[in-house]
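**Q** Each chain, letter by letter, is given below.
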Amino acid sequence: MSRSDWEVVIGLEIHAQLNTAAKIFSGASTAFGAAPNVQASAVDCALPGVLPVLNRGAVERAIKLGLALGAHIAPKSVFARKNYFYPDLPKGYQISQFELPVVQGGAITIHVGEGDAAYEKSVRLTRAHLEEDAGKSLHEDFHGMSGIDLNRAGTPLLEIVSEPDMRSAAEAVAYARALHALVRWIDICDGNMQEGSFRCDANVSVRKKGATEFGTRREIKNLNSFRFLQQAIEYEVGWQIETIEDGGKVVQATVLFDPETGETRMMRSKEDAHDYRYFPDPDLLPLVIEPEWIERVKATMPELPTAMQARFERDLGLPAYDAATLTAARETADYFAATVATAGDNNAKLCANWVMGELAARLHKAGLEIDAAPVSPAQLGSLVTRIADGTVSNAIARKVFEALWNGEGTSADEIIEKQGLKQVTDSGAIEAMIDAVLAANQKSVDEFRAGKEKAFNALVGQVMKASRGKANPAQVSEMLRRKLGA
Amino acid sequence: MPLSNEQVERLARLARLAVSEDAIDTTRAQLDSIFALITQMQAVDTTGIAPMSHPQELAARLRDDVVTETDRRAAFQAVAPQSEAGLYLVPQVIE
Numbered sequence: 001m002s003r004s005d006w007e008v009v010i011g012l013e014i015h016a017q018l019n020t021a022a023k024i025f026s027g028a029s030t031a032f033g034a035a036p037n038v039q040a041s042a043v044d045c046a047l048p049g050v051l052p053v054l055n056r057g058a059v060e061r062a063i064k065l066g067l068a069l070g071a072h073i074a075p076k077s078v079f080a081r082k083n084y085f086y087p088d089l090p091k092g093y094q095i096s097q098f099e100l101p102v103v104q105g106g107a108i109t110i111h112v113g114e115g116d117a118a119y120e121k122s123v124r125l126t127r128a129h130l131e132e133d134a135g136k137s138l139h140e141d142f143h144g145m146s147g148i149d150l151n152r153a154g155t156p157l158l159e160i161v162s163e164p165d166m167r168s169a170a171e172a173v174a175y176a177r178a179l180h181a182l183v184r185w186i187d188i189c190d191g192n193m194q195e196g197s198f199r200c201d202a203n204v205s206v207r208k209k210g211a212t213e214f215g216t217r218r219e220i221k222n223l224n225s226f227r228f229l230q231q232a233i234e235y236e237v238g239w240q241i242e243t244i245e246d247g248g249k250v251v252q253a254t255v256l257f258d259p260e261t262g263e264t265r266m267m268r269s270k271e272d273a274h275d276y277r278y279f280p281d282p283d284l285l286p287l288v289i290e291p292e293w294i295e296r297v298k299a300t301m302p303e304l305p306t307a308m309q310a311r312f313e314r315d316l317g318l319p320a321y322d323a324a325t326l327t328a329a330r331e332t333a334d335y336f337a338a339t340v341a342t343a344g345d346n347n348a349k350l351c352a353n354w355v356m357g358e359l360a361a362r363l364h365k366a367g368l369e370i371d372a373a374p375v376s377p378a379q380l381g382s383l384v385t386r387i388a389d390g391t392v393s394n395a396i397a398r399k400v401f402e403a404l405w406n407g408e409g410t411s412a413d414e415i416i417e418k419q420g421l422k423q424v425t426d427s428g429a430i431e432a433m434i435d436a437v438l439a440a441n442q443k444s445v446d447e448f449r450a451g452k453e454k455a456f457n458a459l460v461g462q463v464m465k466a467s468r469g470k471a472n473p474a475q476v477s478e479m480l481r482r483k484l485g486a
Numbered sequence: 487m488p489l490s491n492e493q494v495e496r497l498a499r500l501a502r503l504a505v506s507e508d509a510i511d512t513t514r515a516q517l518d519s520i521f522a523l524i525t526q527m528q529a530v531d532t533t534g535i536a537p538m539s540h541p542q543e544l545a546a547r548l549r550d551d552v553v554t555e556t557d558r559r560a561a562f563q564a565v566a567p568q569s570e571a572g573l574y575l576v577p578q579v580i581e
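Chains A and B are the protein sequences, given in the same order. Its first residue numbered 1, the first sequence is counted upward by one per residue in my numbering. Its first residue numbered 487, the second sequence is counted upward by one per residue in my numbering.
It should be emphasised that the hints constitute simulated quantities derived from the structure, not laboratory data. For glycine and all other residues, C-beta sits at the position ideal for the given N, C-alpha and C. Take the hints with a grain of salt, since some may be wrong.
Said to hold, decoys possible - Only part of the chain B face toward chain A is listed, based on derived beta-carbon distances under 8 Å: (1) Ala546; (2) Leu548; (3) Asp550; (4) Gly572.
Given only the sequences and the hints, what does the whole structure look like? Please build it.
**A** Here it is in structure tokens:
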């Protein structure tokens, strides 16, 4: 039996750390990288007699996500205690949501694959609930003891749970990327995966094609990069298929991915899985979200990527591919919009070409993010304007762009002026250059007359060279043809 | 339904309570009496009554997203059994 006889079923649970200033139930700071335990308040340390008070900012971020996903925002949701013992969880329970989460349902569109194999798909969300993070355990040797840092304890998280709608590692990665872009777009999470602000757990199972029942799933925990997510799922799928084909059985379990070996290994099986004994937290009253609050949050929401993509296609006439690429990240979309604001809507396609082409390539080469680009949107916009009005050719524009990048001037116009890059459109001057080139290249002229189109291109090239790239190639070509009587 | 000794042992393990063998029968009897009360409550017809998570019809009060706490590590660690390099020390646990 081959791999193609099997269908893969994947659901993801993603923990997004919310970018609030204070913790979810205390007034301690959430800033990353502080000295151990200096941001652990009495509530975070679970000292006797303390009570949690919910942070409005965390709820507001949950509302934003719900709106962005087209989900139901529960008018009343309940916090529950998830009970387990671990030293970095000083209360002996994590405050989470169980039966009544704040965000219910919703969906997100993902883009999978490239070129002709590319397709779109909608992935349904089950829920997203608010909860607190635990502290950190350091198992280096403190005389045979573990060290506990509670700075992270009480940091607000949204656990975002998908339906088992994904059918390949590529779809799972596309979903995680789409959600990652969205939480950053609506500014509820910084998305920093190295610092653990966005962590994925993947539930993976396989079944024979055409089967209606799901296979037994195993959960891969704590994947903190898209590459690991892809590798871990691919390994796990291979392992499960092999196990079943060899006559074995997949047992429900939690597994860890080892980036060193690229393998998944069992952490605990279902038999010794936790029994969390959830119950409503008596310390916290139900969270009530009035419709007016949702309306107020809605008014502050930025235009969402899907809406912006549609607008770029409709109002700016961009191809779907360009519109999707430019709205993949908020920073790129903002940069593009600002460039168009300078260059004008009529030049939107040219702006798109420059942002996705020259700028993206230059950023990639320099290892920079778009919000740190040395060329501002206004500078690029004015350069695009000069291409559009014929002041410079595309080739010269690349020189101007490079000069702007290197800080050789503050505006495209200044560089064009200072470095004498203005396109020569004076037909008298071009004609003189053409005459000189024709006189010096009789061989090419003869070849062209004998029917060799290649020779014509060589002549255009010579004229362009004579103008040091400043002539308009279209104009040169047209005048040259007229001269040669073609 | 009366509990079995195995169930009592499992509950003790989940709650990290050391219930000695002699105490299991007594503990089971005490738990059984609590469950008897629960069984009695479950006999009440609650059809059409929405479950509640809190006895009062009140909504949670919220705090603004502002940092109000200062560093009190020294005071908290003064009452901790053991600490070092700013960390609380606990018996080693590796899952």
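**Q** Hints numbered earlier in the text: which of these fail when held up against the supplied structure?
**A** none
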